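Number of protein chains: 2
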Amino acid sequence: MEFTLIKKDPTSRARLGRIVTDHGKADTPVFMPVGTQGTVKSLVPEMLREAGVEMVLSNTYHLYLRPGHEIIHELGGLHRFMQWHGPILTDSGGFQVYSLAPLRKVTAEGVIFRSHIDGSKHFISPRLAVEIQEALGSDIMMCLDECPPYPTTFADAEKSLALTTQWAKESRDVKQCSRQALFGIVQGGCYPELRQRAVRELINIGFDGYALGGLSVGEPKEIMFELIRDFTPLLPENSPRYLMGAGTPDDIVVCVGYGIDMFDCVMPTRCARHGLLFTNEEKVVIRNARYRKDEAPVDSSCDCHTCRNYSRAYLRHLFAAKEILAMILSTIHNIRYYMRLMGRIREAIEGGRYAEFSREFLSRRK
Amino acid sequence: MEFTLIKKDPTSRARLGRIVTDHGKADTPVFMPVGTQGTVKSLVPEMLREAGVEMVLSNTYHLYLRPGHEIIHELGGLHRFMQWHGPILTDSGGFQVYSLAPLRKVTAEGVIFRSHIDGSKHFISPRLAVEIQEALGSDIMMCLDECPPYPTTFADAEKSLALTTQWAKESRDVKQCSRQALFGIVQGGCYPELRQRAVRELINIGFDGYALGGLSVGEPKEIMFELIRDFTPLLPENSPRYLMGAGTPDDIVVCVGYGIDMFDCVMPTRCARHGLLFTNEEKVVIRNARYRKDEAPVDSSCDCHTCRNYSRAYLRHLFAAKEILAMILSTIHNIRYYMRLMGRIREAIEGGRYAEFSREFLSRRK
Numbered sequence: 063m064e065f066t067l068i069k070k071d072p073t074s075r076a077r078l079g080r081i082v083t084d085h086g087k088a089d090t091p092v093f094m095p096v097g098t099q100g101t102v103k104s105l106v107p108e109m110l111r112e113a114g115v116e117m118v119l120s121n122t123y124h125l126y127l128r129p130g131h132e133i134i135h136e137l138g139g140l141h142r143f144m145q146w147h148g149p150i151l152t153d154s155g156g157f158q159v160y161s162l163a164p165l166r167k168v169t170a171e172g173v174i175f176r177s178h179i180d181g182s183k184h185f186i187s188p189r190l191a192v193e194i195q196e197a198l199g200s201d202i203m204m205c206l207d208e209c210p211p212y213p214t215t216f217a218d219a220e221k222s223l224a225l226t227t228q229w230a231k232e233s234r235d236v237k238q239c240s241r242q243a244l245f246g247i248v249q250g251g252c253y254p255e256l257r258q259r260a261v262r263e264l265i266n267i268g269f270d271g272y273a274l275g276g277l278s279v280g281e282p283k284e285i286m287f288e289l290i291r292d293f294t295p296l297l298p299e300n301s302p303r304y305l306m307g308a309g310t311p312d313d314i315v316v317c318v319g320y321g322i323d324m325f326d327c328v329m330p331t332r333c334a335r336h337g338l339l340f341t342n343e344e345k346v347v348i349r350n351a352r353y354r355k356d357e358a359p360v361d362s363s364c365d366c367h368t369c370r371n372y373s374r375a376y377l378r379h380l381f382a383a384k385e386i387l388a389m390i391l392s393t394i395h396n397i398r399y400y401m402r403l404m405g406r407i408r409e410a411i412e413g414g415r416y417a418e419f420s421r422e423f424l425s426r427r428k
Numbered sequence: 063m064e065f066t067l068i069k070k071d072p073t074s075r076a077r078l079g080r081i082v083t084d085h086g087k088a089d090t091p092v093f094m095p096v097g098t099q100g101t102v103k104s105l106v107p108e109m110l111r112e113a114g115v116e117m118v119l120s121n122t123y124h125l126y127l128r129p130g131h132e133i134i135h136e137l138g139g140l141h142r143f144m145q146w147h148g149p150i151l152t153d154s155g156g157f158q159v160y161s162l163a164p165l166r167k168v169t170a171e172g173v174i175f176r177s178h179i180d181g182s183k184h185f186i187s188p189r190l191a192v193e194i195q196e197a198l199g200s201d202i203m204m205c206l207d208e209c210p211p212y213p214t215t216f217a218d219a220e221k222s223l224a225l226t227t228q229w230a231k232e233s234r235d236v237k238q239c240s241r242q243a244l245f246g247i248v249q250g251g252c253y254p255e256l257r258q259r260a261v262r263e264l265i266n267i268g269f270d271g272y273a274l275g276g277l278s279v280g281e282p283k284e285i286m287f288e289l290i291r292d293f294t295p296l297l298p299e300n301s302p303r304y305l306m307g308a309g310t311p312d313d314i315v316v317c318v319g320y321g322i323d324m325f326d327c328v329m330p331t332r333c334a335r336h337g338l339l340f341t342n343e344e345k346v347v348i349r350n351a352r353y354r355k356d357e358a359p360v361d362s363s364c365d366c367h368t369c370r371n372y373s374r375a376y377l378r379h380l381f382a383a384k385e386i387l388a389m390i391l392s393t394i395h396n397i398r399y400y401m402r403l404m405g406r407i408r409e410a411i412e413g414g415r416y417a418e419f420s421r422e423f424l425s426r427r428k
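Residue numbers (our numbering), protein chains in the order written: chain A, 63 to 428; chain B, 63 to 428.
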């Protein structure tokens, strides 16, 4: 993987860049739709491409449990398995172990946990997390980390960080495949001192990119923004910076201004399945009775397949009738909304006017 | 609507023809996928077209109850509403009233029934059934009929038939729109004498096409085949003949040989959603553990999007993980299987060797 920093916005800390992998490029700031189980829910890959998606994320924890990374490896890797031929980032599985597994025990060697599917017992170590991701063949891998809950005492956060750093070292050491990049994850809870230490230690180990982890886990948004704002400048300028698991369109616009290059979030796909459709004006709750006879598209300024072809009334009908097509068409729209947003973000940076863009965007819906 | 009889097979009673409507043509014998609620479940219309679908069926009963035919009319008709620009056949709603509505009462004027959705009370008459279908703007409309259950006494079947004939007359009389064709439905239970009477009476009234109704409702398959075999010759040669609600690939192959031109059935779409995939060799139960590592496509002789791109192992994984994409990819395959079957049927008629084709097809899986 190569990352090229193309331009720095003079009015903010926003950056324009490009990630190039063996599976193609992704212009940054980039948003990666989430393909948890080897499919971005409700879509065929062609629909992702048509919506302008360049890179997707998939979850190691899920694929490890089902169908199993060995099977995917035998079948030629994740790209071939799911027929997504663009870049793929896989997480380490850590976050899902902490958030989904019904039982878990963290030791210096790794995490013992039970599957949320069948209760079977599993052990994952930093080495195994890398090996699984190497078997999947993703373009960007993440180190196994420990993700402390919010709130956590300083002492607990410090202990957890020591483990994450130790694991990061191990991950770096066991990585075999030179084609696949490996990112380190900055932890440290809400303690600036620990975050600072985490950054220093990760840079010493040396990674292809740096992620901010352990955020969006329940802490007040101001704290999250403050941590991101204060710690992105400490990260190496020529490596991509990835904010894991956030966010809303507003979160993205704010954090790009702090120098974040990569985002992923289930929000566009999950909201779509619940009939919440993104527009610049308002979030459209498509089941609402007021759309019963509405022949307008979800967003008349949108160029997606759904908005070019279907009325709000039809989408509302599909949700009322519990038709699968409701989820397909809504997901197409929401993903395209995110992709258009990222396009406008990159344009604003290109034009050297990101602060203005950000101000306008964030005040629009107030 | 125009129907052209292009060729009669010399070895059977199979016919090659073409239906031309304001929304394009359909080569017969034709299979119409079922779009119950204004969508062929799990697919966007582009996928239907790519699979070779020319004509679809939609259910008046469902669309009348939800979202309501007036709304669809106001929004420009069913073609525009669901973005299917090829021919659409709508049924009269009769069959669904008999099979889905929790309460119903048949009078000389029509049927009173309660909605299976919210229990609300409704009345549908032959006139209203035509008016609803005119509001929907389908290309082929069906007369409201009474569909007696199997078994029915001769006396009941005779009484029911008298009503169906009376309603057929009324339907013919109230039809306003010359663009839309109207088909009569041959009822009469399993009594040849009544079926014969039904055919005579419908021809006297005069319709654009003739459907065989009240079959596939629980009677032994031999009785169904016998009735079809004996009564298609009584129907006008230059009108299309439509066997409602059947069938399996085998049913279709048999009934084409008896002179049927049109078919519809939920089988390909419903089976797909349950992971039953059609091939010429066997029905693939894709959840089966034996496909866990199977890198072959569902059917290596199939040219559908699914078979060109995905392994059985991936489809199995999607079903195990309860992913929506499982239903999308399976439906694409099953619909394409039916379309390829219809293509082979038409080719065999074209080549004047339908009896041979039929024999081979039906013996293949024995």
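Keep in mind that the hints were calculated from the coordinates and are not lab data. Predicted model only: the values in this text are computed from it and were never measured. Do not rely on the hints blindly, as some may be mistaken.
Just so you know, same-sequence chains aren't split out, so a pair can sit in one copy or run between any two.
Keeping only pairs whose Cα atoms sit at most 16 Å apart, straight-line, the calculated EDC-like set for lysine to aspartate or glutamate is [as the list claims (entries may be wrong)]:
| no. | residue 1 | residue 2 |
| --- | --- | --- |
| 1 | 384 | 344 |
| 2 | 70 | 89 |
| 3 | 384 | 292 |
| 4 | 183 | 288 |
| 5 | 237 | 281 |
| 6 | 69 | 409 |
| 7 | 167 | 312 |
| 8 | 384 | 136 |
| 9 | 183 | 218 |
| 10 | 384 | 356 |
| 11 | 237 | 409 |
| 12 | 231 | 218 |
| 13 | 355 | 132 |
| 14 | 355 | 136 |
| 15 | 384 | 180 |
| 16 | 355 | 344 |
| 17 | 183 | 84 |
| 18 | 167 | 193 |
| 19 | 345 | 180 |
| 20 | 283 | 343 |
| 21 | 231 | 193 |
A quick look at each hint next to the structure:
1. 384 <-> 344: neither (24 Å within a copy, 31 Å between copies)
2. 70 <-> 89: within (14 Å within a copy, 60 Å between copies)
3. 384 <-> 292: This pair counts as neither: shortest intra-copy Cα distance 46 Å, inter-copy 42 Å.
4. 183 <-> 288: neither (39 Å within a copy, 60 Å between copies)
5. 237 <-> 281: neither (33 Å within a copy, 66 Å between copies)
6. 69 <-> 409: within (11 Å within a copy, 61 Å between copies)
7. 167 <-> 312: For residue 167 and residue 312, the Cα distance exceeds 16 Å both inside one copy (36 Å) and across copies (57 Å).
8. 384 <-> 136: Neither: 37 Å inside a copy, 22 Å across copies.
9. 183 <-> 218: neither (26 Å within a copy, 64 Å between copies)
10. 384 <-> 356: Cα proximity of residue 384 and residue 356: none, with 19 Å in one copy and 33 Å across.
11. 237 <-> 409: Classified as neither; 36 Å inside a copy, 57 Å across copies.
12. 231 <-> 218: neither (20 Å within a copy, 83 Å between copies)
13. 355 <-> 132: between (51 Å within a copy, 10 Å between copies)
14. 355 <-> 136: For residue 355 and residue 136, only the inter-copy Cα distance (8 Å) is at most 16 Å; the intra-copy one is 51 Å.
15. 384 <-> 180: between (29 Å within a copy, 15 Å between copies)
16. 355 <-> 344: Neither, since 19 Å and 46 Å both go past 16 Å.
17. 183 <-> 84: The answer is neither: 35 Å in one copy and 62 Å across copies each exceed 16 Å.
18. 167 <-> 193: neither (21 Å within a copy, 67 Å between copies)
19. 345 <-> 180: Neither. Shortest intra-copy (37 Å) and inter-copy (29 Å) distances fail the 16 Å Cα cut-off.
20. 283 <-> 343: Neither way: residue 283 and residue 343 sit 22 Å apart in one copy and 58 Å across, limit 16 Å.
21. 231 <-> 193: within (15 Å within a copy, 74 Å between copies)
In the structure shown, a violation is registered for the earlier hints numbered 1, 3, 4, 5, 7, 8, 9, 10, 11, 12, 16, 17, 18, 19, 20, in ascending order.
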